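Enquirer: The primary structure of each chain is shown beneath.
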Amino acid sequence: AQSVTQLGSHVSVSEGALVLLRCNYSSSVPPYLFWYVQYPNQGLQLLLKYTTGATLVKGINGFEAEFKKSETSFHLTKPSAHMSDAAEYFCAVTLTGTASKLTFGTGTRLQVTL
Amino acid sequence: DTAVSQTPKYLVTQMGNDKSIKCEQNLGHDTMYWYKQDSKKFLKIMFSYNNKELIINETVPNRFSPKSPDKAHLNLHINSLELGDSAVYFCASSPAGSRYEQYFGPGTRLTVT
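From first to last, the protein sequence lines are chains W and Y.
Positions 1 to 114 (the numbering used here) are the ones given, in order, by the first sequence.
Positions 115 to 227 (the numbering used here) are the ones given, in order, by the second sequence.
Hint data in this document are derived by calculation from the structure and do not stem from the laboratory.
This structure is a prediction, so every number in the text was calculated from the model and none was measured.
Please note that the accuracy of each hint is not assured.
[To be verified] DSS-like mimics (lysine-lysine), calculated; alpha carbons at most 27 Å apart, straight line: (1) W:K101 x W:K68; (2) Y:K158 x W:K49; (3) W:K101 x Y:K133; (4) Y:K123 x Y:K181; (5) Y:K166 x Y:K154; (6) W:K49 x Y:K150; (7) Y:K158 x W:K68; (8) W:K68 x Y:K123; (9) Y:K133 x Y:K181; (10) Y:K185 x Y:K158; (11) W:K69 x Y:K133; (12) Y:K158 x W:K58; (13) W:K101 x Y:K158; (14) W:K68 x W:K58; (15) Y:K158 x Y:K136; (16) Y:K133 x Y:K185; (17) Y:K136 x W:K58; (18) W:K101 x W:K49; (19) W:K68 x W:K49; (20) Y:K155 x Y:K123; (21) Y:K150 x Y:K136; (22) Y:K123 x Y:K150; (23) Y:K155 x W:K49; (24) W:K69 x W:K49; (25) W:K101 x Y:K136; (26) Y:K133 x W:K49; (27) Y:K158 x W:K69; (28) W:K101 x Y:K155.
[To be verified] Now the stretches of chain Y that chain W is said to cover, found in silico as 3 or more residues with beta-carbon under 8 Å: (29) 128-140; (30) 187-201; (31) 213-223.
For each residue, glycine too, the CB sits at the ideal point set by N, CA and C.
My request is simple: use the sequences and hints to build the entire structure.
Expert: This is the structure in structure tokens:
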């Protein structure tokens, strides 16, 4: 079975500062990994995904994540936070071959302050 | 213009009632899902349909019954509602070539009193 762990349920950064949201996964086979964002009172939106190939993946809104197999990690970063980035971020995993079934982490709320 | 839509957006009802939530997608996707998000924001898949066929059925009380009249619609019917059913229910869909790229609806907040 696969799982993801998001370290830190709440992260606060200043506007313009680096954003780092942590995600570690557990999987017995090569995983597909995702980051989704949920703005208040909205559904989830796909930020970026890793399936195969390049381990550094770029997504929307300036976010990127790097798949590190040795560390079983898929941390989300953005060089400079913007107020509009304030939202809940979810890491998710699915196994190759069972691509319908996403398993989500518990989410990290990102707060951006002036 | 809306890709995945759900109705209603809010649903307040009493214990023991039966209610339905409707979902429609206009993306031409062939797979649809229902997720439950609890008060701690934890998201868990409940069901998935592919071309009207049930392909994922997680451990969900049988009071919950999905119905897919066609591949653009997936409804969720809940019988004998309980307090613990209070949550936000999300519908999602994905295309045939990329089942992991799921597009979510805005959610239905169900409150059982």
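Enquirer: Hint by hint, note whether the structure agrees.
Expert: Hint by hint, here is what the structure shows:
Among the hinted pairs, K101 (chain W) with K68 (chain W) is consistent with the structure: their alpha-carbon atoms are about 22 Å apart, no more than 27 Å. Distance restraint check for K158 (chain Y) and K49 (chain W): the Cα-Cα separation of roughly 19 Å lies within the 27 Å cut-off, and the hinted pair is therefore satisfied. At roughly 26 Å between alpha-carbon atoms, K101 (chain W) and K133 (chain Y) fall within 27 Å of each other, so this suggested pair holds. Simply put, K123 (chain Y) and K181 (chain Y) have alpha-carbon atoms about 19 Å apart, close enough for the 27 Å limit, and the pair holds.
For the suggested pair K166 (chain Y) and K154 (chain Y), the alpha carbons sit about 31 Å apart, so the restraint of at most 27 Å is broken. Note on K49 (chain W) and K150 (chain Y): the hinted pairing holds, with a Cα-Cα distance of about 22 Å set against a maximum of 27 Å. Between the alpha carbons of K158 (chain Y) and K68 (chain W) the distance comes to roughly 25 Å, so the proposed pair stays at or under 27 Å and holds. Pair hint K68 (chain W) plus K123 (chain Y) does not hold up; C-alpha atoms about 39 Å apart against a cutoff of 27 Å.
Restraint check for K133 (chain Y) and K181 (chain Y): satisfied, since their Cα atoms lie roughly 13 Å apart, inside the 27 Å limit. For the proposed pair K185 (chain Y) and K158 (chain Y), the alpha carbon gap of about 22 Å is at most 27 Å, so the pair holds. A C-alpha spacing of about 45 Å is found between K69 (chain W) and K133 (chain Y), which places the hinted pair above 27 Å, so the restraint is violated. Only pairs whose Cα atoms come within 27 Å are accepted, and K158 (chain Y) paired with K58 (chain W) is accepted, the gap being roughly 26 Å.
For the hint linking K101 (chain W) to K158 (chain Y), the alpha-carbon distance of about 10 Å falls within 27 Å, and the restraint holds. Under the criterion of a C-alpha separation no larger than 27 Å, the hint pairing K68 (chain W) with K58 (chain W) is consistent with the structure, at around 15 Å. At most 27 Å may separate the alpha-carbon atoms for a hinted pair to count; K158 (chain Y) and K136 (chain Y) meet this at roughly 18 Å. The suggested pairing of K133 (chain Y) with K185 (chain Y) holds, with an alpha-carbon distance near 22 Å, which does not exceed 27 Å.
Straight-line distance between C-alpha atoms of K136 (chain Y) and K58 (chain W) comes to about 34 Å, which puts the hinted pair past the 27 Å bound. A hinted pair counts as satisfied when its Cα atoms are at most 27 Å apart, and K101 (chain W) with K49 (chain W) qualifies at roughly 15 Å. For the given pair, K68 (chain W) sits about 14 Å from K49 (chain W) by alpha-carbon distance, which is consistent with the 27 Å threshold. At most 27 Å may separate the alpha-carbon atoms for a hinted pair to count; K155 (chain Y) and K123 (chain Y) meet this at roughly 17 Å.
This hinted pair checks out: K150 (chain Y) and K136 (chain Y) have alpha carbons roughly 14 Å apart, not beyond 27 Å. Between K123 (chain Y) and K150 (chain Y), the direct Cα distance comes to roughly 14 Å. Compliance with the 27 Å bound is thereby established for this hinted pair. With a C-alpha separation of about 21 Å, the suggested pairing of K155 (chain Y) with K49 (chain W) holds against the 27 Å cut-off. Between K69 (chain W) and K49 (chain W), the direct Cα distance comes to roughly 15 Å. Compliance with the 27 Å bound is thereby established for this hinted pair.
Our distance criterion of 27 Å between C-alpha atoms is met by K101 (chain W) and K136 (chain Y), whose separation comes to about 21 Å. For the suggested pair K133 (chain Y) and K49 (chain W), the alpha carbons sit about 35 Å apart, so the restraint of at most 27 Å is broken. Pair hint K158 (chain Y) plus K69 (chain W) holds up; C-alpha atoms about 25 Å apart against a cutoff of 27 Å. Only pairs whose Cα atoms come within 27 Å are accepted, and K101 (chain W) paired with K155 (chain Y) is accepted, the gap being roughly 18 Å.
Look at the segment 128-140 of chain Y against chain W: 0 of its residues bring a Cβ nearer than 8 Å to a Cβ of that chain, fewer than three, so the hint is violated. Counting residues of the segment 187-201 of chain Y whose CB falls under 8 Å from any CB of chain W gives 0; the rule of at least 3 is not met. Counting residues of the segment 213-223 of chain Y whose beta-carbon sits less than 8 Å from any beta-carbon of chain W gives 9, enough to reach three: the coverage restraint holds.
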